[in-house]
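Trainee: Chain residues, written in single-letter form:
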Amino acid sequence: MMSAPASEPLRRFLQVARGAGLRVSAAEGIDAARAVDLIGYADRTILKDTLGLLLAKTPDEKAAYEEVFDLYFKRDEFAGGNADDREESEPNEASSPSNGEGGDGMGGQGGQSLGSLLSADDRATLATAMEQAAREAGIENIRFFTQKNLYARRILDRMGLRALERDMEAMRQTGTPEGLGRAEFLEGKVDQLRDAVRDFVERNLILYAKGETEKFREELLKSARLSNLERRDLDRMRILVRQMAKKLAARYAKTRRRRLRGQLDTRRTLRRNMGWGGIPFITVWKQKRIEKPRVMVLCDVSGSVAAMAQFLLMFMYSINEALSDIRSFAFAGSLIEVSDILEKEPVEQAITKIMSLIGFGSSNYGNSFADFEDGWMKHVTNKTTVIILGDARGNRTDPRTDVIGRLSQRSKRIIWLNPEYRSAWGTGDSDMYRYAPFCNLVTVCSTLRHLERAISDILEDAA
Amino acid sequence: MAAGLTFPASDAIRLPNSSLEFDVNDALPLGESPLRSIDAVEYGLSEAGYIANRQISTAIYMAHHLQKPILVEGPAGVGKTELAKSVASWLKLPLIRMQCYEGLDESKALYEWKYGKQLLYTQILKDKINSVIGDADDLATALDKLHAFGDVFFSHQFLEPRPLLRSLQEPRGSVLLIDEIDKSDQEFEAFLLEILSDYQVTIPEIGTVSALVPPIVLLTSNATRDLGDALKRRCLHLHIGFPDDKLEAKIIGSRVPGIDARLLKQLVSFAQQLRAMDLKKVPSVSETIDWARIMMLLHTSVLEVDLVRDTLNVLLKFEADIEAAGKQLAGLTHKARQDAGIA
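Top to bottom, those sequences are chains G and L.
Convert by adding 212 to the 1-based position in the first sequence; the result is the number in this note's numbering.
Convert by adding 15 to the 1-based position in the second sequence; the result is the number in this note's numbering.
Possibly wrong hints are sitting among the right ones.
To be verified - Derived pair list, reagent style DSBU-like, types lysine-lysine, alpha-carbon separation capped at 35 angstroms:
(1) K274(G) <-> K332(L)
(2) K198(L) <-> K260(G)
(3) K274(G) <-> K132(L)
(4) K498(G) <-> K132(L)
Calculated from the structure, these hints are not laboratory results.
Make a model of the complete structure from these sequences and hints.
Mentor: Have a look at this one:
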């Protein structure tokens, strides 16, 4: 009972579940096998509840699990219970995809030909034959919709379509009305079969490839340039940004707490335990004073970087939880503080509001920095990290590097995130190289992944 | 926080009959154990006054047979804590409860040395030390002699077991409830892993203590933070949501005996309608039960708008929610009456 081997249907289901985005570890797979041993496959409701307890561990996973369970167990492949003895033929068949000659075999169907199956209209046996042929064709390796026809063809071949087509040809050759009629009859049946197989492959594609496709898309989005994103990706992107911010927030909160514990504070421990003659029953630990991270973010929201700015604002909105003291500013022609808006409004509204207040204009860096100096320079201390996001293109206005110079003297450091490629810096109206000497770090930040890395570094040092 | 609990929040609740002598057949896990099938679990829980749905009974059954802890998640007041209590009272096992909070550490959860006792004993035995060391010529010999006595002061006699250790030491097994695990620190979560997967703990001075009988472990969480993957992997994951109207009626019926069937229908319908609204905190099952009790005390049989308005603060705990629901009170009450078949 301790480690029952996962039976074939369960093993395949686990694979499907992983494909659907459930994270099923090996240990959980073993538990699932033990559980199935205990309850069997007979009662689907119990099976569903049980595997749900073991495999799906978040609300999202529960939803994905229910979907995939229904999809997978809708097929009646356990009816015969002989799934295991067919398995041995699978690996070698699957490893030779160009197996064009294998078309004659009908697998283990007791020599019944496809033709007689079709004319007998024996749906159950046909379905089983299809399942088996699919398994032999390695359907579980299907990943992309472009492979649909390939797999459908392979399955049909394995079910013996070629032999049948030869037979039909022979019938037509006889020229008798009987033979022609029979060929026509089979022709119709074969068309139905083709549709059924195509349907079947489609379902399997959803089953096996969904998670894969999702993952692929997300990876793509993470490294796509933020300014190039298409509208339909925005929603998915928002979710990604939120996830990323949450991850950073969690990681950051942890470091901060961990640093609270230091070494034993001998002096205070002794004093605390005076009552027991100095025997240290109660220990007092040294505590590291954690510097409150102070971050000021200046975000360019002018037309040229608007797409990028949206994501940064979103990111800042999400990261607010982790940082206790963050002030955000947005600027284009001039500069305003937006901390309040980000704090009080839901994220979508906040961003729309900021963009409508100040966004999309042409940027004037000098003017905006001057605004900052007038209003908020006095709040900058030697513990403040200033993050500036922008392309440093001030439309040939005075860059006011003197303000940035004073800012760099007052602040702990200045970090400049530029969405442009390094090669574009300094070209045209870009003042990047004029600002760079005053910044502690100037870096390209054009994808979500860059953004994550940059913010992560900032948080690391802020603690 | 699971609202409306009637039990005191002490860390251990001994049920009255747990100390009585027990029938051998009660001991787990024997063939005729009360956990022999999922139906038996469902029946047993209902005997203990807990109306479980199929998923819950399956979880308890699996927890016992796979010997895995259950992580119960769900909104506050759907009976997560109550489930543990009911399991304990049904199986006649002691319920050992550990409430988690930020800063909870192993000295409060697992064990502590009885410092006071150790100190006292050292003082008392001070005089005896001469007879032990006695004629030792130098420090090395004296130390050797002392070593021969072993770690007397770090033995079971000086160990103060806290909930986790206690649940391992129960001779007949126990039900261990680790309440609101999401309130504890991440470090504590990691510390729990050993006890959750192997039912044993390691005490440096003594060694590894294994469970006499593996306890049934339930962890509850309100999802105030995401739990670690390592913890989730070791647990069965049970999500208890709000019950549907039929189940809720059954639950209230069992908790408030003698309630009028038509009143019950109205109450349930009303509560379910509130849950469909966009509220800060929707009424939990335990709050509906409280409300039903009040309605019983007031000898109500038909819901009236004024009465509902006066007692709404039992169901809703935020001023803004009461205000929002107050505006639609007439409609809600009317619908509730309709559902119960009262014109």
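Trainee: Which numbered hints are broken by the structure, listed smallest first?
Mentor: 3
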